[in-house]
Every structure is written in C-alpha cells, then in structure tokens.
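Novice: Letter by letter, the chains look like this.
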Amino acid sequence: MEKASRGNFFEDFRLGQDIVHAVPRTITSGDVSLYSALYGMRFAMQSSDAFAIACGLRTAPIDNLLLFHVIFGKSVPEISLNAVANLGYAECRFLEPAFPGDSFTARSEVIGLRENSTGKTGIVYVRTTGHNQHGAAVLSFVRWVMVNKRAPGAVVPETHVPTTAAAVSAQDLRIPEGLDFSGYDCTLAGSRNLFDAYRPGEKINHIDGMTIEAAEHQLATRLYQNTAKAHFDAVLQQSSRFGQRIVYGGHIISLARSLSYNGLENGCFVAAINGGRHVNPAAAGDTVYCWSEVLDTQMFESRKDVGAVRLRTIATKDISCADYPAPGGADETAILLDLDYWLLMPRLSL
Amino acid sequence: MEKASRGNFFEDFRLGQDIVHAVPRTITSGDVSLYSALYGMRFAMQSSDAFAIACGLRTAPIDNLLLFHVIFGKSVPEISLNAVANLGYAECRFLEPAFPGDSFTARSEVIGLRENSTGKTGIVYVRTTGHNQHGAAVLSFVRWVMVNKRAPGAVVPETHVPTTAAAVSAQDLRIPEGLDFSGYDCTLAGSRNLFDAYRPGEKINHIDGMTIEAAEHQLATRLYQNTAKAHFDAVLQQSSRFGQRIVYGGHIISLARSLSYNGLENGCFVAAINGGRHVNPAAAGDTVYCWSEVLDTQMFESRKDVGAVRLRTIATKDISCADYPAPGGADETAILLDLDYWLLMPRLSL
Amino acid sequence: MEKASRGNFFEDFRLGQDIVHAVPRTITSGDVSLYSALYGMRFAMQSSDAFAIACGLRTAPIDNLLLFHVIFGKSVPEISLNAVANLGYAECRFLEPAFPGDSFTARSEVIGLRENSTGKTGIVYVRTTGHNQHGAAVLSFVRWVMVNKRAPGAVVPETHVPTTAAAVSAQDLRIPEGLDFSGYDCTLAGSRNLFDAYRPGEKINHIDGMTIEAAEHQLATRLYQNTAKAHFDAVLQQSSRFGQRIVYGGHIISLARSLSYNGLENGCFVAAINGGRHVNPAAAGDTVYCWSEVLDTQMFESRKDVGAVRLRTIATKDISCADYPAPGGADETAILLDLDYWLLMPRLSL
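Quick note, the sequences are listed as chains A, B and C, same order.
Numbered per this note's numbering, the first sequence finishes at 1331, counting up by one with no gaps.
Numbered per this note's numbering, the second sequence finishes at 1331, counting up by one with no gaps.
Numbered per this note's numbering, the third sequence finishes at 1331, counting up by one with no gaps.
No lab work stands behind these hints: they were computed from the structure.
The beta carbon of each residue, even a glycine, is placed where N, CA and C say it ideally should be.
The reader is advised that the hints may include incorrect statements.
[What the hints assert, rightly or not] As a list, the in silico BS3-like pairs of lysine-lysine whose alpha-carbon atoms are at most 27 Å apart: (1) B:Lys1184 <-> C:Lys984; (2) B:Lys1285 <-> C:Lys1184; (3) A:Lys1184 <-> A:Lys1285; (4) C:Lys984 <-> C:Lys1184; (5) A:Lys984 <-> C:Lys1184; (6) A:Lys1285 <-> B:Lys1285; (7) B:Lys1184 <-> A:Lys1184; (8) A:Lys1210 <-> C:Lys1184; (9) C:Lys1184 <-> B:Lys1184; (10) B:Lys984 <-> B:Lys1101; (11) A:Lys1210 <-> A:Lys984.
[Said to hold, decoys possible] Stretches of chain A that chain C covers, calculated by requiring three or more beta carbons in the stretch to come under 8 Å of a beta carbon on chain C: (12) 1003-1016; (13) 1244-1258.
Please build the complete structure, drawing on both the sequences and the hints.
Specialist: What follows is the structure in structure tokens.
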C-alpha cells in the first residue's frame, strides 16, 4: 500500500462522512507577525495589545481571516487536493475570538455530493468547523469544490445538493465576549467613520494597489499548511490550464481586506462571510486593487455600541477600482474576487 | 464625502499642527524574527535573551531601527503619502529601550513649511515621536519631505524653516536603563574591538553584499505598516519617474546596519541618527554593500564602561566598497545611502 | 589592522583548536512561524502546543532541523566562509529538546585537517556543538568542508583525517525527556502508519514538489544568521563557477523534510543525521521533489512505545521521484540531496 496520500477523489466521498483533519496548529504571535508582513494589516484591534485591552479583550485577537486560512488549510489534503476549482463559500461564521497561543483542530462533514454531467468530476459540499484547545467551535463554514474522479466510470453516491443561506442573518453574528467599545479610540483606529456613517448602496474605492510576488503567496500558503499543488509546483503547473503557479484564493481575500482598511478603518471584525467567488485566478506579478459596496447595515437589540455592516468587496488585477468594475461587466477578466461579508463596527454614540 | 483617504497635500499642513497617527502597534517576538530574517542581524544584544540578561536588561531589546521603522511607518499616511521625496532626517534619538510585547503609538508636530519656487510642491518638516504603552517617549526624530500640492495655485502657509542640530550631542545620548557591561562577552559578541579600538578618520569596508528581492522589501515595508504606494504598486510605478517599485529607504538603512556588523560587532545600540540622505533610490535586484568612517568618539562622565562612536555609513548598489566610494565622487549614481549616527559600545576596561 | 573579518583560510586552522562562535541566539515562536512559512512543516508534534502537551512535553518543541540550521549558521563565519564546498556531515545527534525562548551558543573543535594535492585548498573537519542557556549540549555534529588557502605556498599543519561512524547507533539516539506516546493521536498526526508499518527496503515517493524563490532561501539563510556570500550576493556570484546565487544546502534538507511528511507523518523527531551530501547545488527557480528508502528499523530495550526508523531521503530538482532516481544513475545532475538519518516514531501498541 502506498504510504503517501494522493488525496480523495470524488468517488471516495460519502454523504454524512465526518472527516477529522490532520495537523493541529497553535497560532502564535509569530504567525500574526507574518500575517502582518504578508498583507500590511492595519486594523487597530488586531495590531495593538494595548488597543484591544482598552476594548475589553485580554490581548489583540488573531485576525479572523488568518484563523479561516489555517482551518481551511487543514481541510485541503482530504477535501480539495484533487479539486479542479473552489466554487464557493457560504455560512462562514466566526464564533469565538482566537488569541495567540490557542491551538486549533479542524473537521469537515460532507453535506452534499453531485456528479457533473461529464462524468469526470463532481461537486463536494462540506461544512468545516474549527475548534480551539478547549473544544469550543471558533469558526464554521460551508464550501463546495469541483473534484476530479479517479476513474471516469466509477460508481458515485446519490446526488444531494444542500441548501445554504444566501447570507448569515445579522442576528446570528457573534460579538466577541468582553468586547466593550466605550474605550474605543477613533483617532488611533484611523477614522471617525463609525457604523452610522455607512449607508446601503454606498461605494468605496479603496484606492491602493499591491503587487503579488511568488515568494509572498508561497510563504502565506505554507504558513496556513495548505498543500494544494497549484500554488507551489511550477513544473507541474506548466502543463496545467493556467501554465503557471496560481495564488491561493484566500491570499486575495486577505489582500483585499488589508487594502479595504482605507475606507473601512473601524470595521474591526469580520464576523461572517456570506459568500465568495474567485472569479479569475491570480498569479505572481498581478497587482491587486479593490472596492466595496455597502449592502446592508444592521443594529443589535442587545448592544447599542456595535453595528454590523454587510459589504461586497470586489478585487481586481491590474486595473484601478475608480470605476467600480464588477463581474459581468467589460472588465470581467480582470476581476479576481467577489466577496460578501459582515463587519462589526463601533457605533456613533461613542 | 470620500471615505478612503488620499493623504495630505502641501496646502493641508499648518505650522504647529499636532497629528496623532493611526494604528497603534504591539511589536512582538514574531516581528523581531521577521526583522532578523529580512536583514540577518547579528548584534548579540538583540539576538539573545541570555546575552541581554547578562548585560542587565530584562530580555533582548527590540532593535532600535525596527522601532524607528514602525514609528516612521505610522507617520506615512498623514505626512508623506503624497511625498515626492524623503529629503532628510535629523535629531533622531532613542530614548527608552523597547521590548517585545510593548505597544507603540506615534504623533507628529509640523515644525516647518516652505513652498518650492515651482509652486507645485513644498517641504514639510515634522518632529515625530513614538510612545510606548506607559506613555513614555521611546523615540523622537525630525524629518523633512517634499510633498505635492493638490492644486498648484493653492494658498499656502507662511514659510518657516526650522533649525536642526548638525548632530545629536553625545551627552544627550541615552544609555538604556539597567545596562551593565560588566557581564559583556566579547567572544560571543564577535570581536575584541571595543570602543577604544576605534579612531576618528578610520574607514572600514564591511565587505559583504546582499541582493534585494521584491518580496523582501515588500514584506519589510508592510511589517512596518508603511503604506507608501511607490513600494507596492508595480502598475502605478510604471508611469512614475522610476518606472518600477522602489525600496523603502529604511530597508537600506537596516541592510547597511546588518552588513556593518562585520567590523562594528560591539556597536550594540544605535543611540541616535544625526542625519541621513537617500542619495539614489534602490530597486529589487540591487546588491547592497557598505563602508563606514569613524567621525568622532566620545566618553561619558557618568559611565566609564560605555563610549559613543559616531559613524558615517555609506551604502552602495552593485559596486564594492573597497575604495570607499562617496557622494560627489565618480560613483555618485551607485550611492544609495549616506547615514550619520551614534553607536554605543562597551569600553576596553572590560 | 582590518576590522572586518574575511574568515579563516585553510592554513589558519590547527588540530584541536577550540572555536567559540559568535552571536548567541534565542529561538522564539516567531522563528518557528517563519520556519513554518518557509517550508510548510506539518508534523503535529512541532505544530501544536496542545498536541505536544498531550505527549508529555511542556509545549511544542523547536524543529530539530531549525536548531541545526541555527547552530550551523553560527559556525559559518569561522569555519566555512572561504569554503569551496560543504563535503559532508556525520554523527549529528540531537541531545535535548529545544523550546521557544531557549538561547543557544555554538562552538567547534577542529578534529581533522588535510591539504589537497593541488596545494590550493584543504579539508577541515570540525565537531560543532550547540548549547542552551543552561549549559546543556543540545546538538553535536561533525562536518567537513573544502576551504581555500590564503596563499598556495603557505605552510599547513600535518594531515589528520578523523574517523567518523558510518551511522549513529540506534542505542545512542536520545528520546526527549518526558515524551510519552500514550496520548498520541494518529488521526491528528495524519496517518495510522506507525513504526511497525515501515520495513527496510521500502521506498516512498513523497509526490509533492515545491519551487524555490530567491526571497525564500535568502530569508531562511538570514534567519539562521548564516553569512555565506554564495547565498546572498548576486554580483559576486556572477563570476563564480555557478554564475548565480546558490541555495544554502540546509534549505534543501528542510524542504525535503517537509515534503516527506506525506508518507512519514508519524516520524515526529529527527533524532540523528548519519550522513548527508549535497550532490548538486540548487538555485532559485528549482522545483524540489523527494523520495525515501527505509534503511533500517530499531526498537529500544527501555521503551516499547517508540522505535527508530533509519531513512535515506533523496531530493531532486525538476524531476519527479516516481522512479526513485539516485546518485550514480542517469539523473545524477538532477539530484540535490542524499541524506541518511534516524526518525523516532510511535509504535503500533498504541
């Protein structure tokens, strides 16, 4: 029996299958520093222990997207090593704040399977959950990927397509325990635009661009222990449909999140990801820009000091976002990411 | 109102203006590791907790230049986002040692303004100060930058050019509290050349060279949360006068500091920067070399175990420093940096 | 006297010479994060504090190869700065586990010297030992390097070629104190293939490949404070026999170790390196693959829960390892590394 794994193929999955993923991971302040160097994150809550402590937390929390990438990475060897494409995300909720020194594990449940008409691939739907060392769920999300079949004629399980929410309900967003915005300092955070300054329909060009280097996306993707070959193996990729290594989609999400600080300075927590699509692959040399549209704003019954802003952030390559390019338009081929998510923001009462 | 900031232009500044910069920052041991990987620093005091503890400190201090870059980075969005050039530094003093886990903030006072004769730009002089979480000032420096005007015809403030000291007086240098060189180990530090071995006029070729990669300077500059577009946006830079991304000047300072270990092994603290000039911009692919000249040596009344050595370090690109090339000479176009600073060194009585 | 060092030449060494190396070094969790980002290590023991604690350790230990690179790096300025080639390793034993926060120093004893027949170079054999802040030896290894003579006619010491063991005896391997595999979780570690699943003669293709970027190997090599010019100075290397910067050999060892996780998931500690050869140099752009052969398996009298597996791991560039290419074969020029080492693994009784 071959000891090295080639990953699962479509016919290897079973509906309801519960997969405990390998490689538990402690996220340390070293990982946070690398994350900072890779993206240049500037949200004050994750940048400064003193700032986070002033807001009731015990120290600066780990960026939720770093946590997402680590949990996602654990699921790759069993879920998407033989994936043709990452098709989508849904119902991603951040459930507990994570702090440097916490240790995480991940597991996935297969919640849907559907063979494609070609008979060569199928779509696998999983719900992946991350847990910390206390056994608490810190993160849960659904994703679906198109996975190759090992053998075109293989018998496949019955089709089941799960239903997922179009968006996480604002009332289901978790506000980190202990968070208290009475000590929030807008000047240090970088803007006086708090929750109440954002209106549905508003568009924000985040202006700045960042060029991706191969070493950067490789360092990032290894930091997340994500083993997808497409990101690392230039020889193998020469014969792929892309002809070169492509960038882990989550790298684009974090780049866009970092660039979006300029205009969303007080959007201190990504509380949920409602959906996301990697419209085109990115490669080293691409320069990423992004813009955001406010889709919705919601207040909470229980908390007058915090609101939720739902955003659509679109990232492009090599074209500015001054004209708000979107999928379906003339610039379709330049669109990298179309992401729908909820941010928590302090409210103006401050 | 546009939410994303495009930074201040010359006519936005006022003499005496006090700007509290955004994005407080905790510097952790993770940041120190990245700094180490980016430059290969080998000064024992910052490299080993055990070594620093033997010298009376509570743990290895953060390299003063890392602290400088972080405080500098905070000032970029409001001071130099629209800068044409970083013209100079003066009166940079390191006031308190910084340790991993400390959280920093920065503020700048506008101390001078002068419109250029073209009417298109002006020079902004600021004094920037970094504070730690206890409110203590850890670093203060003056810098002046040439900043674009938003509108050529805009009314500008009255001219005021501040006077700055040609050099920090040795008696104003701060010796880190608790520092005690009686436990200093020259062998571990890498040389028996202590303070008394250096004489004014002496020149040291630091021999080694280091080639800059784009991923490296981008990682560094993001680590410092420095947002200047010239370092990150290859598309935008194609139409700049440089035609490509250029390297953050502080990256060259740290590279030169690291290379200068070979010959200045016991120069364990940069105590002050008297002045500095980025003679030419650097780009990925350049190989950096450097040499130093001893400008002055000073002893302290109160401390017989420590002396201060004033150095001029010149960094070049792609040419060796065996012949001590300097600005104004035949190799002018190969000079990157001309830096004047004070180092603290243990004395021979050891 | 020139203050900057140009390193030792062959005629500078004396048999029995004891060299205390400079630059003591604390390895922090930040260094561990960088190591993770550079190689994508996935061995659970070093990845998760919670996993390591469940196995009786006080926290996740530092990867033994990271420790090796740091101790090796300290020896470079005095042993191999003028080396033409790293010829071999022997008797490398890891003696005590190392944890983030430990501070290390290194010293080397010259145990052999032999001038080459050309009269231009000689071989220097050293035994290098690393110590932690408590004075305990953590690592010891022999290496031999071909070093240039300063002057071809220089008088050289008498020839002495030391004898080194072909392999470390399994009974001399150190099992980390406190290690207890009763809490070992195979699922989290990534495989049910424990010690008893491996048989001498078995070959494992580790499948995956990883392309090296210049920024990556430079960051790694600087992290180890290794100053060998061949890795950093592109201008100097243009006139070398390689024509370009070459990758620190230890970088290939760690890449191979990381790739070998796929098939050796439970090989949680590198306990010894019996020998190693860098068959060909690697450069940025090379894609590394590797395969392993089980050379031996050994059990311990005192410990029924742990066994030792001796492996030969061969790394290649730009060719897959499906056909198990080896030195001496048709693919000789594509072989980067031939490494012989002992892994500790939990036993099936679990």
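Novice: None of the hints should be skipped; say for each whether it holds.
Specialist: Right, here's what the structure says about each hint:
Restraint check for B:Lys1184 and C:Lys984: satisfied, since their Cα atoms lie roughly 9 Å apart, inside the 27 Å limit. With a CA separation close to 65 Å, the supplied pair B:Lys1285 and C:Lys1184 exceeds the 27 Å bound. With a C-alpha separation of about 25 Å, the suggested pair A:Lys1184 and A:Lys1285 falls inside the 27 Å cut-off, and the hint holds. Annotation: proposed proximity of C:Lys984 to C:Lys1184 is violated, straight-line Cα distance about 52 Å (limit 27 Å).
With a C-alpha separation of about 9 Å, the suggested pairing of A:Lys984 with C:Lys1184 holds against the 27 Å cut-off. Using a Cα cut-off of 27 Å, the hinted pair A:Lys1285 and B:Lys1285 is violated, with the two alpha carbons roughly 61 Å apart. For the hint pairing B:Lys1184 with A:Lys1184, the CA-to-CA distance comes to about 58 Å; that exceeds 27 Å, so the pair is violated. Restraint check: the Cα-Cα separation between A:Lys1210 and C:Lys1184 comes to about 22 Å, which is no more than 27 Å; the hinted pair holds.
In summary, the hint linking C:Lys1184 to B:Lys1184 is not supported, as the alpha carbons are separated by about 58 Å, beyond the 27 Å threshold. Between the alpha carbons of B:Lys984 and B:Lys1101 the distance comes to roughly 26 Å, so the proposed pair stays at or under 27 Å and holds. A threshold of 27 Å between alpha carbons decides the hint, and for A:Lys1210 with A:Lys984 the separation of about 18 Å falls inside it, so the pair holds. Given a C-beta distance limit of less than 8 Å, the hint that chain C covers the segment 1003-1016 of chain A holds, as 11 residues qualify and 3 suffice.
For the segment 1244-1258 of chain A, the proposed coverage by chain C is not satisfied: 0 residues have a C-beta within less than 8 Å of a C-beta in that chain, short of the threshold of three.
The structure shown violates the earlier hints numbered 2, 4, 6, 7, 9 and 13.
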